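Novice: Got chain U sorted already, so can you dock chain F onto it with the hints?
These protein sequence lines map, in sequence, to chains U and F.
Using our numbering, the letters of the first sequence map in sequence onto residues 170 to 330.
Using our numbering, the letters of the second sequence map in sequence onto residues 170 to 330.
Just so you know, not all the hints are guaranteed correct.
Note that the list lumps identical chains together, so a pair holds whenever it fits in one copy or between two copies.
What the hints assert, rightly or not - Derived PhoX-like pairs (lysine-lysine); straight-line CA-CA distance at most 25 Å:
{"#": "1", "residue 1": "Lys323", "residue 2": "Lys216"}
{"#": "2", "residue 1": "Lys176", "residue 2": "Lys241"}
{"#": "3", "residue 1": "Lys314", "residue 2": "Lys241"}
{"#": "4", "residue 1": "Lys308", "residue 2": "Lys216"}
{"#": "5", "residue 1": "Lys308", "residue 2": "Lys281"}
{"#": "6", "residue 1": "Lys199", "residue 2": "Lys186"}
Because the hints were derived from the structure by calculation, they are not lab data.
On a predicted model such as this, the values are computed, not experimentally measured, just so you know.
2 protein chains.
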Amino acid sequence: MHEIKYKPIGIIHSPFKEPKGTPIQPAGGKDIDGTVEVFPEYAEGLKDVEGFSHIILIFHFHLSRGVSLKAKPYMDNEERGVFAIRGPSRPNPIGISIVRLVGIEENILHIKDLDMIDGTPLLDIKPYIPEFDIQEVAKIGWLEKNIHKLPTSKDDGRFMK
Amino acid sequence: MHEIKYKPIGIIHSPFKEPKGTPIQPAGGKDIDGTVEVFPEYAEGLKDVEGFSHIILIFHFHLSRGVSLKAKPYMDNEERGVFAIRGPSRPNPIGISIVRLVGIEENILHIKDLDMIDGTPLLDIKPYIPEFDIQEVAKIGWLEKNIHKLPTSKDDGRFMK
Numbered sequence: 170m171h172e173i174k175y176k177p178i179g180i181i182h183s184p185f186k187e188p189k190g191t192p193i194q195p196a197g198g199k200d201i202d203g204t205v206e207v208f209p210e211y212a213e214g215l216k217d218v219e220g221f222s223h224i225i226l227i228f229h230f231h232l233s234r235g236v237s238l239k240a241k242p243y244m245d246n247e248e249r250g251v252f253a254i255r256g257p258s259r260p261n262p263i264g265i266s267i268v269r270l271v272g273i274e275e276n277i278l279h280i281k282d283l284d285m286i287d288g289t290p291l292l293d294i295k296p297y298i299p300e301f302d303i304q305e306v307a308k309i310g311w312l313e314k315n316i317h318k319l320p321t322s323k324d325d326g327r328f329m330k
Numbered sequence: 170m171h172e173i174k175y176k177p178i179g180i181i182h183s184p185f186k187e188p189k190g191t192p193i194q195p196a197g198g199k200d201i202d203g204t205v206e207v208f209p210e211y212a213e214g215l216k217d218v219e220g221f222s223h224i225i226l227i228f229h230f231h232l233s234r235g236v237s238l239k240a241k242p243y244m245d246n247e248e249r250g251v252f253a254i255r256g257p258s259r260p261n262p263i264g265i266s267i268v269r270l271v272g273i274e275e276n277i278l279h280i281k282d283l284d285m286i287d288g289t290p291l292l293d294i295k296p297y298i299p300e301f302d303i304q305e306v307a308k309i310g311w312l313e314k315n316i317h318k319l320p321t322s323k324d325d326g327r328f329m330k
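Chain U on its own, in the form it takes in the complex (with noise of 0.2 Å):
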């Protein structure tokens, strides 16, 4: 099937400089503070989302390695399927963070809960809303054992360029 081809939207700025020691998931990184730059000129697009208290940002793991199909997830050390976890090193490198808005400055957002490199870039950015994105879940497979690890799992660099 043909190619499809995204263009950054924008740029996420965070304390967090290298894979090395950066949260996995928001739940790591509670309370971070950074900033979303939205590029001038989509700033428009950017009415009435400071209504929301947590907007979904779709970004490009642009540190990602390559592509492994098997991978050991950072809270368990048996190889998964990459459809099985969050890791980047998957087919198509996109990530997607909720995190908390804490005020929004002409094209630049202030956020909370962060877990992306600084640099990072921006794909797009969805209003989270309960009644869509909360499900009640009956299982979670490999992570039943190992999700109390999350609140002290940091990124190695494993999936590192």
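Specialist: Coordinates of chain F only, in the frame set by chain U:
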């Protein structure tokens, strides 16, 4: 900034053959059955996915007719910034939906709670993990007064090519 190129990893098969009448979110497509066909070259990445009751599908809004930085969402009569709505007229037409995973046979995923059009190109699959994806929300902006319309709202073709 440079272009980012992705390739579909599969295709979504759904009973909805055109935008008009399609539910606008999985919550509106409750119990609707469909399948996700993952192209055989990526099937290895599906290992361990069957352990999860819900998955996040990331897909390309292939029928979106172009970018509007402001658009009227299905559930409101006012124009909203595109980053404050979930419709397809986005600078990068990426969609996300959380669906229920019923089972996997080789490279075919059986899913429920579908809101995608038949033939939608799939970009990524991620496990849905409450600890990552469920946030306690303080406000939902313009949707506060409109969310009650969700169960009965359908696509009316407004964003179609």
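Novice: Against this structure, judge whether each hint is valid.
Specialist: Going through the hints against the structure:
Taking the shortest Cα distances, Lys323 and Lys216 sit within 25 Å of each other only across copies (24 Å), while inside one copy they are farther apart (35 Å). In this homomeric assembly, Lys176 and Lys241 come within 25 Å of each other (Cα to Cα) only across copies, at 24 Å, whereas the closest approach inside a single copy is 30 Å. Proximity of Lys314 to Lys241 under the C-alpha cut-off of 25 Å is restricted to the intra-copy arrangement: shortest distance 15 Å within a copy versus 44 Å between copies. Taking identical chains as interchangeable, the C-alpha atoms of Lys308 and Lys216 lie at most 25 Å apart only when they sit on different chains, with a minimum of 15 Å there against 37 Å within one chain.
When the C-alpha separation of Lys308 and Lys281 is checked against a cutoff of 25 Å, the pair qualifies only between copies, where the shortest distance is 16 Å, while the shortest distance within a copy is 28 Å. For a Cα distance limit of 25 Å, the shortest separation of Lys199 from Lys186 inside one copy, 17 Å, qualifies, whereas the shortest one across copies, 42 Å, does not.
Against the hints set out earlier in the document, no violation occurs for any number.
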